[in-house]
Amino acid sequence: MSNMVKLTINETAVEAPAGTLLIDAAKLAGIEIPAFCYYEGMSLQAACRMCLVEIEKAPKLMAACVVPVAEGMIVRTESPAVVKARKTTLEFLLTNHPLDCPVCDKGGECELQDMVFKYGAGESRFTEVKQHVPEKQWSPVVFYDGPRCILCYRCVRVCNEGMGVGALGIVNRGVAAEIAPSHGDHLECDECGSCIDICPVGALTSGAYRYKTRPWEMEHVGTICTHCSNGCKTTLGVRNNEIVRGNNRDRSGVNGEFLCVKGRYAFDFNHHPERLQTPLLRVNGKLEEVSWSRALQAVVEKFKAGGKAGVVGSTRIANEEAYLLQKFARTVLKTNNIDHHRSGDVVTLLDSLSGKTATLGTADDCYNAKAVLIVGADLSQQQPFLANQIRANHRHHKAGIYVATPGAVREDKIAKASARTADGNWLPAVESMAEKLKGEKELLVLFGDSVKGEGVRKLVAFGESLGIPVKYICLVDYANSRGAMDMGLLPDLGPGYHAVEGAPGLTLPQMMAATDLDLLWVVGANPLARHTLASSKAFVVVQDLFLTETAQRADVVLPAASAYEKNGTVTNVCGQVQRLKRGVETVGAKTDLNIIGLIARGMGVNLGKVDADAVFAEIQKTVRGYNVPLPVIVTGGAAQTMPVNGRVPSTVLPELIQSSRDTLFTTGTLTRYSKILNEVMEAPGGLYR
Amino acid sequence: MTFSPELEARFADLLTHYPPGRQRGALVPMLMYAQDEVGAVTPELMAELAKRLDVSVLQVDEVVGYYSMLHKKPQGKTHVQICTNVACMLRGGAELYDHACKKLGIGHKQTQASGVFSLEEVECIGACSWAPAIQLNYTFHHEVTTDKLDQLLEGLQ
Chain A
1 MSNMVKLTIN ETAVEAPAGT LLIDAAKLAG IEIPAFCYYE GMSLQAACRM CLVEIEKAPK
61 LMAACVVPVA EGMIVRTESP AVVKARKTTL EFLLTNHPLD CPVCDKGGEC ELQDMVFKYG
121 AGESRFTEVK QHVPEKQWSP VVFYDGPRCI LCYRCVRVCN EGMGVGALGI VNRGVAAEIA
181 PSHGDHLECD ECGSCIDICP VGALTSGAYR YKTRPWEMEH VGTICTHCSN GCKTTLGVRN
241 NEIVRGNNRD RSGVNGEFLC VKGRYAFDFN HHPERLQTPL LRVNGKLEEV SWSRALQAVV
301 EKFKAGGKAG VVGSTRIANE EAYLLQKFAR TVLKTNNIDH HRSGDVVTLL DSLSGKTATL
361 GTADDCYNAK AVLIVGADLS QQQPFLANQI RANHRHHKAG IYVATPGAVR EDKIAKASAR
421 TADGNWLPAV ESMAEKLKGE KELLVLFGDS VKGEGVRKLV AFGESLGIPV KYICLVDYAN
481 SRGAMDMGLL PDLGPGYHAV EGAPGLTLPQ MMAATDLDLL WVVGANPLAR HTLASSKAFV
541 VVQDLFLTET AQRADVVLPA ASAYEKNGTV TNVCGQVQRL KRGVETVGAK TDLNIIGLIA
601 RGMGVNLGKV DADAVFAEIQ KTVRGYNVPL PVIVTGGAAQ TMPVNGRVPS TVLPELIQSS
661 RDTLFTTGTL TRYSKILNEV MEAPGGLYR
Chain B
1 MTFSPELEAR FADLLTHYPP GRQRGALVPM LMYAQDEVGA VTPELMAELA KRLDVSVLQV
61 DEVVGYYSML HKKPQGKTHV QICTNVACML RGGAELYDHA CKKLGIGHKQ TQASGVFSLE
121 EVECIGACSW APAIQLNYTF HHEVTTDKLD QLLEGLQ
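As given, the protein sequences belong to chains A and B, one line each in that order.
My numbering numbers the first residue of the first sequence as 1 and each following residue consecutively.
My numbering numbers the first residue of the second sequence as 1 and each following residue consecutively.
A hint or two may mislead.
Facing chain B, a subset of chain A residues (Cβ under 8 Å, in silico) [to be verified]:
| hint | residue |
| --- | --- |
| 1 | G166 |
| 2 | G169 |
| 3 | I170 |
| 4 | V171 |
| 5 | N172 |
| 6 | A180 |
| 7 | S182 |
| 8 | K302 |
Since the hints were made in silico from the structure, they are not lab data.
Backbone N, C-alpha and C fix where the C-beta goes; we use that ideal spot for every residue, glycine too.
Model the full assembly from the supplied sequences, consistent with the hints where possible.
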């Protein structure tokens, strides 16, 4: 390539594209230039002086984070002068830095510690007393310890540029300089904890994690966040069978290191004192704790007795569990009365895109598409990772952002055009942008639940009329909302969106309204929070983590494992399959897969081998689009499902599709039991924009 | 928050000095002129300028904290700034500052109860050639001795 620049770093010939920063060119060549303030993807700061290198013919040491490569440049990154400079820089950084590493949360994974270890600043020439200011608490999740801060501005930039919130700044100067929160003494922000995550030292610490453990005493388990549909990888820090931290410092998932407040902190529902640990059976009108065998026996008897059954599946159980549940319902209970809480019209989208290729958007597209149109969704509240991708796309690629939403959204600030929609009628707003959109090279459309049924077809027709390549993402609410549909938790469609055998079954509202229902089996859902159950004679079996409204009406409640306690797979909003990995063991609960298997065994029916891997193998073989490469998933990657390319024979009314309109601080039942989410003052959301 | 017509006119003129979309650049002079009129950079003043320049209050706070000429608390009628940086220190700046502390009965960044004088030990004010230098409000005084300082301060009582 002609625009490659040749240079020499540490006597090694290196080639890098013109414009590459020296620090990145060195990284490409496997040479580490240390830095605190430099952060990939953020604006340049050149504040910390750690990346100083020797460049031949330059009169003094240069900061590699702001020097672009040049032809013939000869660079030394570890020469005696450089090493001395770094050692001195560290000596300065340590003038007021307390050496409280033995109790600091960051100890063991601190970048300052690592640097001092490497370059050594074992002696200090400063004899003055260290300046000390007391630690401050800015929110339930963010604490700031000023003396530890090295003023690298990473937190300020990640909040401003990364999150688009701008809740942090630096006030005062010199030795008195410190990070300050947006509202004087406290923060009003996303509470995402990115500032804590990105902090190279222990200046910003997390309310959930501080003083709980030493980093090396945790096991780190990479699994998928069980809250919204974005499918972020969260690496759980587990100690003594308790989750104490969630982050993704290894950038292993689709989300890189991004996590919102839910992914980072809302694992605490898992250890909530009200978690169900024992099966409950209704005896003389009251739910009593019973043994698993007794509870299962009661279920088996009723299931064997037959009658009119209804099955409600979940938007957060694993694909394997959803698949097995519908298989059980259809082959054992012999009913198509199976449904779940639907939050986006994926079905109509797939049908309208029948015959077209490369029309389903991915999380990568959110970052790479030249233009993005958001219809009827407050992304930064409801789809935080996709919103982050879009902000990064705008920041790095100057993508054109178009917004058509009922209210003001954060994306307005970066939008080329924003229009407000009224009464769910989004079409005029979208059409008003048609001319501008036609000028773009390609477009990614993300749409919420106000676009459904015929609306989806109109939106696709509008996309066609632009004459540019258009991709679509149908937004859904929950961790496995997409998987629930793909696995066929629908009355009219089986796995892979095939029409069911026989007549379509009852939808969720129809089941609730049926006065003659004999049996209702609810797995990981809480329909009675929104509906009333018309049939008083129905025998209700509920599998859940908590005694929800639905569980309170149940005749048998079976305590279920959370996503953090099971293996399996989930499918995110973009149709990417990722693996759940068990982080903690259950105490009394069992996974839904296990429970379904036990019920089947009790009834003497054979559903095949009931373990997550075996069921996934069956899904790969039988569910359209799921023949994804297993190694990708097993190694913790995200495998894109093939879009279903063909007509989808749906009979279901799109009116049933209703997003919960969650905010950053809510997602259904689980977040009600998250102490942290309920403590932050922004909850339940919408406090600020 | 409202300002005098003169200050408003000055603001209006100031904003024309910056290219479109970069009006926030006027923040520092606006803060300075407004401080002269209001007496201090109050929270209301910061909120008002933040609104006018479409920046966050925190961003205004960052600027206010950075510049030593901007004060969140009211200063004395005469704000005495004495440089003790190297050039001034070598020529008696430190002694001058100690003298001022004793004479005025206040220390660094303090204001007399009467509100007449406030004192601040400052870094270089760019008058090294005539060290030691001090600043009384916006006026510079060069090669100041303790006697000269006494005369200056007494003249301002």
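* Structure versus earlier hints - violations, ascending order -> Violated hint: only 8; rest satisfied.
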